[in-house]
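Visitor: Listed below, chain by chain, are the residues.
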Amino acid sequence: MTGAATRTQPRPLAPFLLAAPATLLFVGLILLPLALTAVLSFNVYDYSSGVRNQYTTANYLTVLQDPYYLAIFWRTLRLALLTTVIAVLLGTPEAYILTRMGKPWRSIFLLVIIGPLLVSVVVRTFGWSMLLGRDGLVNHALAVLGLEPVQLLYTETAIVIALVHIMLPFMVIPVWTALQKLDPTVEAAALSLGASRFTALRRVVFPQATLGILSGSLIVFGLSASAFAIPGLLGGRRLKMAATVVYDEYLIELNWPLGAAIAIIVLLANLAIMLAYNRMVERQAKRRLG
Amino acid sequence: MQKNGPFALAFHTLIVLFVLAPLIVVCLVAFTPQNTLSLPWDGLSLRWFAAVFHHPDFVASFWNSARLALFSATISTMLAVPSALAITRYSFRGRDALNALFLSPLIIPHLVIGVAFLRLFSFIGATGSFGWLVAAHVMVIMPYALRLILAALNGMDLSAEMAARTLGAGEWTVFRRITFPMLLPGISGGWLLAFINSFDELTMSIFVTAPSTVTLPVRMYMYASESIDPMMAAVSTLMIALTGVTMIILDRLFGLDQLLVGKG
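Protein chains in written order, with this note's numbering: chain W, 1 to 290; chain U, 1 to 264.
Extracted from the complex, chain W is given alone in its bound form (with noise of 0.2 Å):
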């Protein structure tokens, strides 16, 4: 958003007027919605008269003592970690491996791997319920080269494999657009003035992505943590994560004030994550460039 395309002569009223309709709208429903919660989450509850005009932190002190939350918030935390990692292992090296093909190919697969995100999370999940089913295509393969049939629906595994899959675009994008940049002449001078392979990749090519790659790992991890399909339908019943937990107090056991107090901790660890990585993200691009 750069202000180059400024007007010379201001007119103060105008973008006003321009963004009062929306700016109305945000602060409406974003912001009032928002702030309910955050009240709401004070608010008193008891499965007997429901939700009292009476405020109190008891519902925090719940969610952050009870070993039931607890150990959602840590698989939800450790899922989110393992689902980033493996997210930058498999993207990196994939958004590489795009910049160097060729002309039809190069935009061709790009398409594959980005196209999905277009698609339905539910479908997606839902296939891959159908693959790591006990039924399942994994399972009939691993018969076939005379294995034992393994459990991976409702596992942790599955979870992790589900999510990995949907948060691939989230990485190749940001490091595909960061190589963008990267001149391949620079890599071939690295070769030809003697570097290896491995130095090559070492010291041009993957400084160029590293900015991508930490903007794409925020994007996985954020999505990840706050993932609601997948741990709905590949975690079952048992397997709960943050946003299933969120949904279960909502619709299932109605205790609203407790969601929401669990709804408002993975908006703040959502935010503060964002914030300290930024800064991180900052500090590179400075190093990068001063």
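Careful, some of the hints might be misleading.
Quick look at which bits of chain U chain W covers, simulated, 3 or more residues with Cβ under 8 Å [what the hints assert, rightly or not]:
(1) 4-12
(2) 50-64
(3) 234-240
In short, the hints are calculated from the structure, not lab data. Glycine is no exception: its CB is placed at the ideal position from the N, C-alpha and C atoms.
Chain W is fixed; fit chain U onto it per the hints.
Guide: Chain U alone, transformed into the frame defined by chain W:
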């Protein structure tokens, strides 16, 4: 440019297989003549597609989703255009804050937006209203439209606008005759992206839809978490086909890589 070695190509093949496997399996299973989720080894059948079209809930949800996406994509684009003009064409106090506010639904997990809307709707008694569902969708899809329109405005050559102004055209005329036509590809791309995102939205919708306004993804999620039969595969195949067609249109119009990867 160096070529990819055999190891790199093998890795690439595995990734492509990994990406496509669940989609391919869904499409294959949809054609099974059996009652269980199985690959159609012995003959193809369209019975599960017929079942989808005779399932009143799925049909109703499809039309719900289509109407919802149509309304919310249109409204969000109509909001995004003036907002993008304000952000790119003027410098004013709070411009960055405004930009951040408009893009914030991309950062706030949809789960959180969903429970926030649920709270608001129960507060004002709007639960189950289609109009308020549209409003909720407008909020989460507007950033997609806005980003594309912002990029289009930033990349636009301003000389035509300036020429029109020098020749005495008023602001509205400049917008109607110059800016809007030049912006049209960005606007239609933003609209389509908003439409797809509304049509596919699950996590927020599951909190704010009522039985009469259930959208297709929510219906599919509910269905898949209770029973698993090949009908689900047939619905999914139809969704994949629909997305495929949209993708081809988008690609022809704008180049899908440009649209999804963006110019930063």
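Visitor: With reference to the structure, classify each hint as holding or not holding.
Guide: These are the hints, each one checked on the structure:
With a cut-off of 8 Å between beta carbons, the stretch 4-12 of chain U has 5 residues touching chain W; three or more are needed, and the interface restraint holds. Counting residues of the stretch 50-64 of chain U whose CB lies closer than 8 Å to any CB of chain W gives 0, which falls below the minimum of 3, so the coverage claim is violated. Judged by the Cβ-Cβ criterion of 8 Å, the stretch 234-240 of chain U is covered by chain W as claimed, because 3 of its residues qualify and three suffice.
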